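Student: Taking the hints into account, I'd like the entire structure generated from these sequences.
Protein chains in written order, with our numbering: chain G, 1 to 443; chain F, 1 to 500.
Just so you know, the hints here were simulated from the structure itself, not pulled from any lab data. Hints may be right or wrong, so weigh each one.
What the hints assert, rightly or not - Covered stretches of chain G (in silico footprint by chain F; criterion: 3 or more residues with CB under 8 Å from a CB of chain F, positions within the stretch not fixed): (1) 55-66; (2) 322-333; (3) 340-350.
Claimed, not checked - Quick list of simulated restraints, FRET-style, between CB atoms: (4) Ala192/F - Asn38/G: 21 to 29 Å; (5) Gly44/G - Pro38/F: 30 to 38 Å; (6) Leu29/F - Asp276/G: 30 to 38 Å; (7) Asp188/F - Thr96/G: 38 to 46 Å; (8) Ala254/G - Pro311/F: 23 to 31 Å; (9) Thr96/G - Leu18/F: 55 to 63 Å; (10) Leu29/F - Asp198/G: 46 to 54 Å; (11) Lys282/G - Ala192/F: 20 to 28 Å.
Just so you know, these numbers come straight off a predicted model, no measurement behind them. The beta carbon of each residue, even a glycine, is placed where N, CA and C say it ideally should be.
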Amino acid sequence: MGRVRRTTELGLLLLGALIVIGAYSLTALGRTASLPANIGPFLGMLLALFAIGHLAVRKLAPQADGLLLPLAGLLNGLGYVFIARMDTELAAAQATWSAVGMAGFVATLVLIRRARNLEHYRYSFAALGILLLLLPSVPVIGQEINGARIWIRVGPMSFQPGEAAKLALAAFIAGYLVEKRELLALSTKRLGPLYLPDPRHLGPLLAAWGVSLLVMVNQKDLGSSLLFFTLFIVLVWVATGRAAYLLLGVGLFAGGATIAYQLFGHVRDRVTIWLDPWPVAKEAGYQIVEAAFAMADGGLTGTGLGLGDPSRIPANTTDFIFAVVAEELGLVGATALLMAYLLLVGSGLRIALQADSNFDKLLATGLTTLLGVQAFVIIGGVTRVLPLTGVTLPFMSFGGSSLLANYVLLALLVRISDEATARSTARAAEVAVGESPTMVVGS
Amino acid sequence: MNGRITKVGLGLIVCFSLLFLQLTRIQVLQADELDENPENLRSIDRSYEQGRGIVASADGAVLARSVETPDSTFARRREFPEGELFAHVTGYYSFEYGAEGIERTFNDELAGLTEAQRYDRVSDLFVDRDRTADVTLTLRKDVQEVARAALGQRKGSVVVLDPRTGAIQALWSYPSYDPNLLSDHDTDAVRAAWQQLNDDPAAPMLARSYRERFAPGSTFKVVTAAVGVESGVVTATNPVFPQASSYTPPASNNPIGNFGGEVCGGTLVEVLTVSCNSAFAQLGAELIGPQRMISSVGAFGFNTALPVDLPVPAVSVFPTDFGAEITPGVFEDSARLAQAAIGQNDVAATPLTMAMVAAAVANDGRAMRPHALDRIVARDGEVLTRVEPQLWQRPVSPETAALIREAMQSVVAQGTATALAIDGVEVGAMTGTAEVGDGEATNAWVIGYAGTPGQVPSVAFAVIVEADPGIGEQTGGQIAAPIARSVVEVALGAQPRQAG
Chain G
1 MGRVRRTTEL GLLLLGALIV IGAYSLTALG RTASLPANIG PFLGMLLALF
51 AIGHLAVRKL APQADGLLLP LAGLLNGLGY VFIARMDTEL AAAQATWSAV
101 GMAGFVATLV LIRRARNLEH YRYSFAALGI LLLLLPSVPV IGQEINGARI
151 WIRVGPMSFQ PGEAAKLALA AFIAGYLVEK RELLALSTKR LGPLYLPDPR
201 HLGPLLAAWG VSLLVMVNQK DLGSSLLFFT LFIVLVWVAT GRAAYLLLGV
251 GLFAGGATIA YQLFGHVRDR VTIWLDPWPV AKEAGYQIVE AAFAMADGGL
301 TGTGLGLGDP SRIPANTTDF IFAVVAEELG LVGATALLMA YLLLVGSGLR
351 IALQADSNFD KLLATGLTTL LGVQAFVIIG GVTRVLPLTG VTLPFMSFGG
401 SSLLANYVLL ALLVRISDEA TARSTARAAE VAVGESPTMV VGS
Chain F
1 MNGRITKVGL GLIVCFSLLF LQLTRIQVLQ ADELDENPEN LRSIDRSYEQ
51 GRGIVASADG AVLARSVETP DSTFARRREF PEGELFAHVT GYYSFEYGAE
101 GIERTFNDEL AGLTEAQRYD RVSDLFVDRD RTADVTLTLR KDVQEVARAA
151 LGQRKGSVVV LDPRTGAIQA LWSYPSYDPN LLSDHDTDAV RAAWQQLNDD
201 PAAPMLARSY RERFAPGSTF KVVTAAVGVE SGVVTATNPV FPQASSYTPP
251 ASNNPIGNFG GEVCGGTLVE VLTVSCNSAF AQLGAELIGP QRMISSVGAF
301 GFNTALPVDL PVPAVSVFPT DFGAEITPGV FEDSARLAQA AIGQNDVAAT
351 PLTMAMVAAA VANDGRAMRP HALDRIVARD GEVLTRVEPQ LWQRPVSPET
401 AALIREAMQS VVAQGTATAL AIDGVEVGAM TGTAEVGDGE ATNAWVIGYA
451 GTPGQVPSVA FAVIVEADPG IGEQTGGQIA APIARSVVEV ALGAQPRQAG
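Tutor: Written as structure tokens, this is what we have:
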């Protein structure tokens with residue numbers, strides 16, 4: 001089982017590398033009609049990163065799902081190609097961050113040998129998560145960039161601690177729900193037509209949720225708020241099976257959104273622009289409008305790599321990188337990208353299904369939801385399915401914090417997958433061992 | 001719990017399907033609409049800097065081409081190698097001010113935007129090949145150059161066309177301008193040039209040859225004569241107009257005098273030869289009358305837009321109301337009609353229209369659709385368009401045309417246009433000296449045709465040298481005819497072979 005999966009992984013990684021290298025060369029050809037001078041080092045670096053990841057999985061999680069790493073590698077590589085196309089300086093940084101991310105991936109696999117061990121630290125994770133969320137609000141180290149106070153600066157480096165906070169909070173919620181899910185599923189208190197569980201059990205959850213939301217709203221980080229909120233609702237529902245929580249969640253969201261709309265000008269702006277960006281096409285709606293023009297230019301098959309005009313799109317290496325892909329690769333390429341994310345989501349949820357401890361199931365579900373919803377929120381924002389909220393496109397957008405956090409997330413999924421497969425293999429072996437004597441007796 | 005995890009997956013699939021649907025909307029369904037959105041500088045920039053085909057003259061001179069500009073923010077610039085020579089024909093192509101002339105009329109073909117160019121084959125969906133097409137005009141650089149040289153630094157226009165096909169061979173106006181000034185990438189320089197060109201009282205950007213109207217003066221007598229013959233009120237021999245030095249229209253006290261107060265009269269050929277005002281004023285006001293005049297001039301190109309393939313030609317005008325009939329044959333405005341019949345008063349014609357009048361007479365009464373375009377050829381050699389000669393109007397019968405030609409040849413042989421007599425060439429012409437404003441200054445005109453004797457003439461022309469207050473009176477015979485002669489000689493010299 002493990003060997004087949006690793007061979008598949010290796011093959012897919014090579015395929016991914018081929019696609020990325022091809023895209024890199026085509027982009028350079030499209031722009032300057034000559035192959036990039038640094039194609040050799042680039043090739044070496046890419047293959048080295050993939051090889052390190054692959055060897056780490058082979059050594060540390062040999063039975064893990066073979067799709068996760070190649071998909072992440074492909075997205076990371078394509079993201080790099082598009083960043084390099086826009087800005088060579090950022091590309092150099094992104095290459096470094098990719099290496100750091102891969103190091104984080106390996107380190108996570110080394111350090112966390114059993115995902116379930118994390119369950120013990122659930123309250124520490126809660127504290128850590130909230131602390132990380134608060135950091136940017138601390139004077140001196142906290143920084144506001146592009147209207148969102150989600151950065152901290154230490155020396156020459158900037159981080160978005162919120163990226164790590166998401167993982168910590170996912171671990172906390174999963175752990176907490178494992179402990180309390182049965183209590184939460186019982187309804188003892190009646191509130192109007194709704195039966196609610198004992199507030200003592202609901203309390204910590206609501207508190208964590210409320211604090212996080214407040215902090216994020218304060219920092220004007222709507223994307224993360226939305227993301228965290230979805231994570232919370234999905235996990236509570238998956239854990240308890242009570243549809244009432246979904247309704248409650250939607251109700252809370254609607255209430256929160258209405259209040260935020262009333263209270264915060266920037267929330268109102270986002271909604272206005274979402275509903276109709278054209279009256280403000282030159283001002284606040286500029287990003288959305290330019291992205292739409294870019295994607296329309298791409299059409300069905302795209303302008304071709306390196307042949308579009310994505311420099312017109314604002315934030316084209318971060319929030320709007322998807323618009324660049326849609327411009328140069330067209331609907332065909334953009335859809336392929338959507339499929340890549342869906343495959344990643346599918347792999348993650350399959351791991352959740354196969355995991356046999358509730359904590360593993362919830363953690364895998366939570367992490368996958370983070371990944372999938374984050375991709376949905378930003379792509380939806382860029383394409384005007386949702387109001388635009390600035391979050392990164394996982395594995396593709398420029399940014400070290402995001403890459404690192406997503407690679408750690410990936411490592412956790414790989415870890416859970418490895419454990420689940422190992423256990424089911426062991427169980428299959430036990431069954432086989434248990435059966436054979438009977439057969440002997442029978443003969 | 002597993003059932004719910006599966007539902008989370010389904011939920012995300014639904015979410016991503018929404019993204020796909022929205023992408024399809026943006027990238028396919030609304031793509032054209034977004035492309036044409038006025039906020040979309042992307043398509044404006046692209047159309048400005050993308051390759052455009054070449055505009056060339058019939059004799060192969062490059063009139064407009066796109067040159068790559070590696071050091072600029074835009075990839076390409078439109079270059080007009082002939083500068084001012086063809087400016088009124090090719091027009092300009094400016095990021096700031098759009099396009100004019102041929103650049104405007106055939107923008108889609110030059111830029112490769114017509115449906116035929118965009119989706120020629122299935123592979124066009126995927127491969128971005130060069131879809132631009134080249135435009136070849138019927139205009140000839142040699143004729144255009146001689147027109148410029150002959151007119152010199154005098155305000156005016158020279159129009160030359162082939163009466164058999166309507167193909168325009170020269171369309172020169174002075175003053176002209178350099179369209180390169182407007183296609184520069186330096187926006188400030190372009191704005192300054194635009195401002196300066198528009199502020200210039202001489203209006204160098206005005207294509208006077210087809211966008212400005214002038215009183216046609218005596219050249220309009222060709223129209224009056226043709227209408228008279230066609231309607232049967234005049235023949236070669238009848239009437240014989242009375243010898244007079246002036247003509248006083250009915251219900252008027254203002255006599256219309258002959259040029260220089262001379263006494264003239266006689267048959268149609270005789271009165272046209274000497275450009276006899278009294279005879280033609282009488283012909284128009286009394287013999288032809290308002291209705292017939294008004295209904296007949298349309299076929300010569302008056303009160304109707306010429307179907308030329310250049311943008312927004314000015315409409316030549318002839319008055320359409322001469323008041324009520326007071327007594328039989330006498331109208332309130334008969335005096336005005338008498339003046340209109342000799343090309344004065346409210347008659348105003350573009351030089352192109354007057355060239356068309358001469359061309360219709362030359363081509364046995366068949367006015368061909370005037371055109372500057374000869375063909376459009378795609379990059380792969382496929383001919384997208386080839387302009388075939390097309391009959392536009394039949395103002396007069398061949399017999400009428402023949403009689404008018406006889407008269408116009410007499411003008412060259414012994415009349416006011418002797419400067420146009422060329423050995424071995426059949427030339428017919430009519431001069432005009434139209435008063436402008438207070439009558440001190442005059443527009444000097446000549447229209448006519450030339451060709452091999454016994455064949456349909458191959459050249460029709462109109463030349464106008466505009467009134468210049470400093471110069472005073474100038475006659476068509478003295479001023480315009482020599483210019484026409486130089487141009488006709490070159491135009492007859494090397495006719496480009498007719499395709500097909």
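Student: Could you run down the list of hints and mark each one as holding or not?
Tutor: Taking the hints in turn, this is what the structure says about them:
| no. | hint | result |
| --- | --- | --- |
| 1 | 55-66 | violated (count 0) |
| 2 | 322-333 | holds (count 3) |
| 3 | 340-350 | holds (count 5) |
| 4 | Ala192/F - Asn38/G: 21 to 29 Å | violated (44 Å) |
| 5 | Gly44/G - Pro38/F: 30 to 38 Å | violated (48 Å) |
| 6 | Leu29/F - Asp276/G: 30 to 38 Å | violated (18 Å) |
| 7 | Asp188/F - Thr96/G: 38 to 46 Å | holds (43 Å) |
| 8 | Ala254/G - Pro311/F: 23 to 31 Å | violated (57 Å) |
| 9 | Thr96/G - Leu18/F: 55 to 63 Å | violated (35 Å) |
| 10 | Leu29/F - Asp198/G: 46 to 54 Å | holds (52 Å) |
| 11 | Lys282/G - Ala192/F: 20 to 28 Å | holds (26 Å) |
Going down the numbered hints, you'll see the structure goes against 1, 4, 5, 6, 8, 9, while the others check out.
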